[in-house]
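K.L.:
Single-letter residue listing:
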Amino acid sequence: MGGDLKAVEQLASDQASLKAAAGLTKPTKWSGLGASHDATLIWGECAGSGANPYRVMADLRDMGSKCTCPSRKFPCKHALALLWINVEAIAPFPAAETPDWVSDWLGRRRTGVVARPVVKAESGEEKSLAAALSEAPEPATDEKAAARRAAASAKRAEDTERAILDALDALEQWIGDQLRLGLGGFVGDVTARCRRIAARLVDGKAAALAGHIDELPARLLEQPAADRIRAATVELGRLVLLARAYRADPRAPELRRAVATTENREALLADPRTIRVAGVWEVLGEQVRTRRDGLVSQTTWLLNLGPDQPRFAMLLDFFPASAGRRGSVFVPGEQFVGEMAFYPARAPLRAVLLGREAAGEALRAWPEHDEPLEQALTTPWLDEPWAVAWPVLLPAGRIGFDRSGATWWRGSHGALPLGGEVTGLATGTELTRSVGLWSGNRLDLLAARTPWGRIGG
Amino acid sequence: MAEALLDGLAPVITRWTMGGSAAHAAPAGWRGGLGQDAGEAELRLLALTGQLLGTMAVAEPAGDLQVLDDLPRLAKPPLPEALRPRCRRILAALRDADHRRGLLALLDRRGWTMHPADWLPGANEHDLPATYAAWQDWVAQAAACADTDEISPENWDRFGPAARRVAFAELRRRDPARASALLAAKIASETPDRRLLFLDLLTGLSATDVPLLETLAGDRAPRVKARAMALLARLGKGGAVDEDAREIAGFFSTKTTGWLRKSLRIVPQELKTSAQRNRRGALMEALTLTAMAQALALSPEELIAAWPWGEDTHADHALAAMAERSAADEVVVLVAEALASQPGSDILAFIPLLPRMSATWRQQVALRMLEAKEGNFLRALPLAGGDGEIAGTIRTAAGKALLASLVKEDAKPADHAPELAALGLLSARAAASEALGRLTDAGLIASDPRLDLLRLNAALNDEGSNP
Numbered sequence: 000m001g002g003d004l005k006a007v008e009q010l011a012s013d014q015a016s017l018k019a020a021a022g023l024t025k026p027t028k029w030s031g032l033g034a035s036h037d038a039t040l041i042w043g044e045c046a047g048s049g050a051n052p053y054r055v056m057a058d059l060r061d062m063g064s065k066c067t068c069p070s071r072k073f074p075c076k077h078a079l080a081l082l083w084i085n086v087e088a089i090a091p092f093p094a095a096e097t098p099d100w101v102s103d104w105l106g107r108r109r110t111g112v113v114a115r116p117v118v119k120a121e122s123g124e125e126k127s128l129a130a131a132l133s134e135a136p137e138p139a140t141d142e143k144a145a146a147r148r149a150a151a152s153a154k155r156a157e158d159t160e161r162a163i164l165d166a167l168d169a170l171e172q173w174i175g176d177q178l179r180l181g182l183g184g185f186v187g188d189v190t191a192r193c194r195r196i197a198a199r200l201v202d203g204k205a206a207a208l209a210g211h212i213d214e215l216p217a218r219l220l221e222q223p224a225a226d227r228i229r230a231a232t233v234e235l236g237r238l239v240l241l242a243r244a245y246r247a248d249p250r251a252p253e254l255r256r257a258v259a260t261t262e263n264r265e266a267l268l269a270d271p272r273t274i275r276v277a278g279v280w281e282v283l284g285e286q287v288r289t290r291r292d293g294l295v296s297q298t299t300w301l302l303n304l305g306p307d308q309p310r311f312a313m314l315l316d317f318f319p320a321s322a323g324r325r326g327s328v329f330v331p332g333e334q335f336v337g338e339m340a341f342y343p344a345r346a347p348l349r350a351v352l353l354g355r356e357a358a359g360e361a362l363r364a365w366p367e368h369d370e371p372l373e374q375a376l377t378t379p380w381l382d383e384p385w386a387v388a389w390p391v392l393l394p395a396g397r398i399g400f401d402r403s404g405a406t407w408w409r410g411s412h413g414a415l416p417l418g419g420e421v422t423g424l425a426t427g428t429e430l431t432r433s434v435g436l437w438s439g440n441r442l443d444l445l446a447a448r449t450p451w452g453r454i455g456g
Numbered sequence: 000m001a002e003a004l005l006d007g008l009a010p011v012i013t014r015w016t017m018g019g020s021a022a023h024a025a026p027a028g029w030r031g032g033l034g035q036d037a038g039e040a041e042l043r044l045l046a047l048t049g050q051l052l053g054t055m056a057v058a059e060p061a062g063d064l065q066v067l068d069d070l071p072r073l074a075k076p077p078l079p080e081a082l083r084p085r086c087r088r089i090l091a092a093l094r095d096a097d098h099r100r101g102l103l104a105l106l107d108r109r110g111w112t113m114h115p116a117d118w119l120p121g122a123n124e125h126d127l128p129a130t131y132a133a134w135q136d137w138v139a140q141a142a143a144c145a146d147t148d149e150i151s152p153e154n155w156d157r158f159g160p161a162a163r164r165v166a167f168a169e170l171r172r173r174d175p176a177r178a179s180a181l182l183a184a185k186i187a188s189e190t191p192d193r194r195l196l197f198l199d200l201l202t203g204l205s206a207t208d209v210p211l212l213e214t215l216a217g218d219r220a221p222r223v224k225a226r227a228m229a230l231l232a233r234l235g236k237g238g239a240v241d242e243d244a245r246e247i248a249g250f251f252s253t254k255t256t257g258w259l260r261k262s263l264r265i266v267p268q269e270l271k272t273s274a275q276r277n278r279r280g281a282l283m284e285a286l287t288l289t290a291m292a293q294a295l296a297l298s299p300e301e302l303i304a305a306w307p308w309g310e311d312t313h314a315d316h317a318l319a320a321m322a323e324r325s326a327a328d329e330v331v332v333l334v335a336e337a338l339a340s341q342p343g344s345d346i347l348a349f350i351p352l353l354p355r356m357s358a359t360w361r362q363q364v365a366l367r368m369l370e371a372k373e374g375n376f377l378r379a380l381p382l383a384g385g386d387g388e389i390a391g392t393i394r395t396a397a398g399k400a401l402l403a404s405l406v407k408e409d410a411k412p413a414d415h416a417p418e419l420a421a422l423g424l425l426s427a428r429a430a431a432s433e434a435l436g437r438l439t440d441a442g443l444i445a446s447d448p449r450l451d452l453l454r455l456n457a458a459l460n461d462e463g464s465n466p
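Respectively, the protein sequence lines represent chains A and B.
Okay, so the first sequence: first residue is 0 according to numbering that gives the first Met the number 0, each after it adds one.
Okay, so the second sequence: first residue is 0 according to numbering that gives the first Met the number 0, each after it adds one.
Keep in mind that the hints were calculated from the coordinates and are not lab data.
Predicted model, so just to flag it, every value in this text is computed and none were measured.
C-beta: ideal position from N, C-alpha, C; glycine also.
Incorrect hints may have been included.
If the Cβ cut is set under 10 Å, some of the chain A residues that face chain B in the computed set are [what the hints assert, rightly or not]:
{"id": "1", "residue": "GLY236"}
{"id": "2", "residue": "ARG243"}
{"id": "3", "residue": "LEU294"}
{"id": "4", "residue": "VAL295"}
{"id": "5", "residue": "THR298"}
{"id": "6", "residue": "GLU429"}
{"id": "7", "residue": "THR431"}
{"id": "8", "residue": "PRO450"}
{"id": "9", "residue": "ARG453"}
SDA-like mimics (lysine to any residue), calculated; alpha carbons at most 20 Å apart, straight line [as the list claims (entries may be wrong)]:
{"id": "10", "chain 1": "A", "residue 1": "LYS25", "chain 2": "A", "residue 2": "ALA46"}
{"id": "11", "chain 1": "B", "residue 1": "LYS75", "chain 2": "A", "residue 2": "GLY452"}
{"id": "12", "chain 1": "B", "residue 1": "LYS407", "chain 2": "A", "residue 2": "GLY452"}
{"id": "13", "chain 1": "B", "residue 1": "LYS224", "chain 2": "B", "residue 2": "GLU189"}
{"id": "14", "chain 1": "B", "residue 1": "LYS407", "chain 2": "A", "residue 2": "ALA46"}
{"id": "15", "chain 1": "B", "residue 1": "LYS185", "chain 2": "B", "residue 2": "GLY159"}
{"id": "16", "chain 1": "B", "residue 1": "LYS236", "chain 2": "B", "residue 2": "GLN293"}
{"id": "17", "chain 1": "A", "residue 1": "LYS18", "chain 2": "A", "residue 2": "ARG108"}
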């Protein structure tokens, strides 16, 4: 094993990587560890700072590795930790069928690389696993300095609060201007106008709201031309509601999340209001979007198959587009046992995954649709009137076409217009249950149960 | 209530669209809550209006919604759930149409179909296993959505040229005799090019097509005429010696060779100019095999036996194409046998014959090619297809060559992917398992995505149609 440990040391780009990897060698940080039957490939999922875990895989023949984290270091701390756990047998790697995501990586691997050349750290410093494990001494506590830091922090918070309120004033002024100048002109020049106010909001520390407004033109232009004035009215109305709600209760975590920033994982887990829900979840689908601000948003939608609420969980992560394409963490349709921590909100939806394991072979059925359709479609907007879209579980229905060829979901109590193109099997079978994202006027189907099995995702 | 409110908001939206204040046009019940400040009143009205339009104003379809029929269940069941993810991955990676057809044929042979959520055929896709015909009809209906009328003499002109061909092909699949009668009634109104295309759609020829073909054998366009005569010849009709046949006979002579066992041999005249070569090629393209044989005073079987195979590749290909087009099935088999018995037989010569050959025959020739020097799986795939079910593939010369090249020092992970895919399609189930074992022994890891097709093949039992 000693030789293998040496290889892990040599792979690390610096001592800091090893130090970080040491912190990740606790088995509790990992789920789904496995190895191929011929013991050449190992893989696992490591909880990171995001909502989705990172998928980490390594090829033991040449110590090549891959991780879905956005780190620019190669190999990253997660890959080093995976190799480390393997060589030190810290946790078992049960032999299993190689998952698709590992096979995909294997198929795409750059060819001809047999072993990474060993590069010494630039500083000339020797890297060592033993050193990485040693605890650094805690800095001595200085009460006066701590008080100074606390005061500075309170001052910063106050400044931020003031800046956000000023930015919201500017936003309302801007909305009033759009009404005065005419929504016809606004729709025609929406990208440039939204860009200007979004920049002002970024200056005013309202980054989340700026991101929301930056994406407004895309949402508006997705609508048919005849519907854009209505859609613009709805979008601007939602901004007014959000600004008013924030002023009324600036400390509310869901409002801070919608306007300024989202609390980090550690703060979320430390918050007593965080709801933890353990259960069986099904992956409905994933949406990956490149935003105007250069970030890519990766949204995974999950359905709670148990009797508990919340019915849905949304795992949302952002990473820079420059980090390249990032692999999906989940396969649509897979079911797993896992624990979610939901961000505190009146209608909890956004969550982080704390850990998961396989749910077993037998697939569970979807829950019954348990509330009147009209209620399911409108209730979320009472809790969060500024929401862009909300997942909804629909009863039995079918896809129909109107005279213009547009598609509709049709149930026993009415029809809902569908966004996006729906073709293939979905149009030729009964949908015994469906899940879609309802934006208030359009439904985007995520997945459905049919006599042919599950479709979509 | 929502409808009344929405009506009341129409003037508000109109004012905001043009630009200007709308508070004074707000629904009466809302005015009290808007406040005295003009700017504030606009924002409050916007918040209320936005909330109402965003949640309560759901569009309703104009008129009845049309719903497609259920996608029909096929005679064979869709793949078991456990194999679907691998099959989807294979399908996404297969860029070559031959490989995709091979995958469909492999599943079909074992009694399974693709799952319709993973793949549906195109309405006009050719060369699919017949199992999928019901899905093709459904896809065509979905594409037409509203217009599901069957093509008839009355509505023939209502279809555009391409749609007319699609509708005709569907009718031919469902009711060949009615399709033949329809074409006899309407084909005269089409241009020569389109007449030729319609002739190509006459699949599964039978005696009911004879009246139509006899009419077209007198067509004013030479290409249509030649094609109709070729199809008639396949049915054992026509083939009278005409001027063209006499001319082709002039390009060949016959002589008897051998002392004890006399055999007849065709000797091509030496061609001195390219004009002569072109003319001979054009005549072979236009004439039926029966007509040429008659002109040489031979039966079609004697013509094939006496042909100097292997001396002139172009002439061999032309005769093979002629046989495919116009000869009876047993004559086509003779041509294929003659080609296969040539040393280093050329795959290109077989291609025109493939639609007319039995699966067993194609499998045998494919196996011979795998055993030949420099044989490989990719070249044999068009011959045997995905339903080849060839035993012991990895032990053939092609298999040994593949194993040898995979262990070369400079072998790269992406090398040989198409060859491994072809091996996965051609192999019988036991042969796929054996190949997987030999390949992993040679150093490939079991999870290598290049082995996906082999793994699918090895996992795919033949209990699909009888689960």
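K.L.:
Any hints from earlier that this structure breaks? Give me their numbers in increasing order, please.
P.N.:
Checked against the structure, the hints that fail are numbers 3, 4, 5, 7, 12, 14 and 17, while the rest are satisfied.
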